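Based on the sequences and whatever the hints tell you, model everything.
Heads up: the sequence shown begins at 5 in this note's numbering, then just goes up one per residue.
Hints were generated in silico from the structure; no laboratory data involved.
Careful, some of the hints might be misleading.
To be verified - For lysine to any residue, the following SDA-like pairs were computed, each having C-alpha atoms within a straight-line distance of at most 25 Å:
hint	residue 1	residue 2
1	Lys-453	Arg-272
2	Lys-115	Met-339
3	Lys-453	Glu-317
4	Lys-386	Val-435
5	Lys-59	Pro-151
6	Lys-433	Ala-242
7	Lys-59	Lys-115
8	Lys-134	Ala-242
9	Lys-273	Asp-103
10	Lys-433	Arg-366
11	Lys-453	Met-339
12	Lys-380	Val-396
13	Lys-380	Lys-273
14	Lys-453	Gly-76
15	Lys-115	Glu-236
16	Lys-380	Glu-236
A quick note: this is a predicted structure, and the numbers were derived from the prediction, not measured.
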Amino acid sequence: MTATDPRSLLYADGKLDPDEAQALTAETLKNCDDGELYLQHSVSEAFTFDDGRLKTADYSRDAGFGLRGVSGEMTGFAHANDISAAAIKRAGETLQLLDPATGRSSPQPRKSNQRLYTDASPLDAVPFAKKVALLEQIDAAARACDPRVAQVTASLSASWSVIEIVRADGFRATDIRPLVRLNVAVLAEANGRRERGSYGFGGRYLYDKLFEQGELNHAIDEAVRQAMVNLESVDAPAGEMPVLLAPGWPGIILHEAVGHGLEGDFNRKGTSAFSGRIGERVAAPGVTVIDDGSIENRRGSLSIDDEGTPTEETVLIEDGILKGYMQDRLNARLMGVEPTGNGRRQSYQHAPMPRMTNTFMRGGTDDPAELLAGMKNGIFCKSFGGGQVDIVSGRFTFSCTEAYKVEAGKLAAPIKGATLIGDGPSVLKHVTGIGNDMALDEGIGMCGKGGQSVPAGVGQPTLLVGGLTVGGTA
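Now the structure itself:
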């Protein structure tokens with residue numbers, strides 16, 4: 005191992021070497037069904053330019069390990085921010101509390117040469133002054149777009165993580181993960197009224213794309229446009245009505261209200277609305293839902309998951325029929341199925357669990373313009389902000405950040421204060437139109453579950469839902 009090898013950040017002379025890590029893992033986990041030593045070194049930075057000046061410039065480094073042993077349904081886990089043989093030995097004492105495994109050890113993950121993103125670090129390639137200058141440029145350009153722009157907030161962030169997974173059976177896998185994101189938020193003011201607009205994008209690549217003038221201009225224009233649209237908005241109608249959902253980011257509803265219910269742990273425990281229903285119709289004909297962590301450069305993608313399993317395309321619902329669940333190793337073993345590459349963790353301080361990667365609905369055959377034209381009345385939702393979801397039942401409320409009335413098949417006035425209320429399983433059954441314009445989001449999603457946050461992607465085509473409850477202000 006050389007000084008330029010990223011793995012040298014995990015193995016310091018005199019503290020731990022790869023052979024020692026392997027031997028310690030084999031000894032510590034010899035009585036377990038499954039488990040691993042997870043090593044991680046990460047660096048991150050974040051800049052926020054607000055109200056004409058640089059408000060924050062944060063930089064952090066962290067390194068540590070998580071040691072997990074699994075016996076039956078029980079998990080023992082310990083972590084420390086000291087990657088050393090001595091610390092790993094101490095952590096191993098925790099795992100001695102587990103009952104010895106009685107079955108065969110789980111087979112190791114399959115080997116893979118899959119590489120979905122660069123190994124390079126985005127933090128090193130661009131100097132500090134250039135990053136600040138970019139945010140200054142965004143601030144000036146957004147204000148120049150329209151005199152009604154009263155405030156601009158621009159943020160830039162990046163992280164770079166080196167991880168290695170060491171198993172008792174001799175398996176070892178390494179992944180190097182870049183991640184960047186840019187966000188522009190605008191506050192517009194006119195006639196005593198204030199409204200907001202925002203736009204962001206990112207993925208697993210370097211800063212280069214964030215500095216491309218065309219990408220910057222699009223982000224600024226979209227944030228300003230949304231704010232100006234909202235300045236003209238009227239009170240949203242209320243009641244049950246047809247709802248047309250735009251492609252891309254509105255797939256966040258699918259992610260939150262349906263996706264979590266398709267994760268293996270909830271289904272093994274029987275707490276999901278989809279538990280025990282494989283082979284049954286759970287959605288309207290034409291609805292196909294996929295989770296795919298193997299898409300190049302996407303925010304939710306991983307070459308391998310945090311247990312060493314290569315990510316893949318997993319068909320969850322096909323033509324309305326439930327086909328399977330997203331699985332980590334523990335739940336897959338207990339349910340008698342194969343892992344799907346969905347074992348994820350926030351960092352070395354957390355044990356893995358089944359999580360989504362990039363979750364989306366496949367496109368259909370309907371022309372989006374015809375779906376709109378066929379609506380008598382209803383609303384069109386283009387973008388969403390915050391929401392609340394019961395991830396077991398799928399019940400949700402989501403607030404629209406950009407939406408419009410639909411009258412006689414045409415877009416009418418923009419509306420404010422619209423909230424969609426429903427539950428994911430019911431929404432799937434009431435889909436009456438699926439556009440041919442499937443799009444993934446721009447790379448801004450963050451998913452929370454069990455106190456852990458991980459980057460995730462969403463997507464969908466234009467969707468017509470026959471009847472959704474809209475909470476309005478009219």
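Original post:
Do the alpha carbons of Lys-380 and Val-396 lie within 25 Å of each other, as the hint requires?
Top reply: Violated, because 34 Å separates the two Cα atoms, which is more than 25 Å.
Original post:
Taking 25 Å as the top limit, are the C-alpha atoms of Lys-453 and Gly-76 close enough?
Top reply: 23 Å, holds
Original post:
Holds or violated: are the alpha carbons of Lys-433 and Ala-242 at most 25 Å from each other?
Top reply: 22 Å, holds
Original post:
Does the structure keep Lys-433 and Arg-366 at a Cα separation of 25 Å or less?
Top reply: 16 Å, holds
Subject >> Lys-386 paired with Val-435 [C-alpha distance capped at 25 Å] >> reply: It holds: about 17 Å lies between the C-alpha atoms, which stays within 25 Å.
**OP:** Measure nothing beyond the straight line between the CA atoms of Lys-59 and Pro-151; if it is 25 Å or shorter, mark the hint as holding.
**Re:** 23 Å, holds
**OP:** For the pair we were handed, Lys-380 and Lys-273, check the Cα-Cα distance against 25 Å.
**Re:** Not satisfied, since the Cα-Cα distance of roughly 43 Å exceeds 25 Å.
Original post:
Within 25 Å, alpha carbon to alpha carbon, are Lys-59 and Lys-115?
Top reply: 45 Å, violated
Original post:
For the pair supplied as a hint, Lys-453 and Met-339, is the alpha-carbon distance within the 25 Å limit?
Top reply: Given that 25 Å is the threshold and the Cα spacing comes to 21 Å, the pair holds.
Original post:
Are the Cα positions of Lys-453 and Arg-272 separated by 25 Å at most?
Top reply: 17 Å, holds
Subject >> Restraint status (C-alpha distance of Lys-273 to Asp-103 at most 25 Å) >> reply: Satisfied, since the Cα-Cα distance of roughly 21 Å is no more than 25 Å.
Original post:
Are the Cα positions of Lys-380 and Glu-236 separated by 25 Å at most?
Top reply: 22 Å, holds
In terms of the numbered hints stated before, the structure departs from hints 7, 8, 12, 13, 15, listed from lowest to highest.
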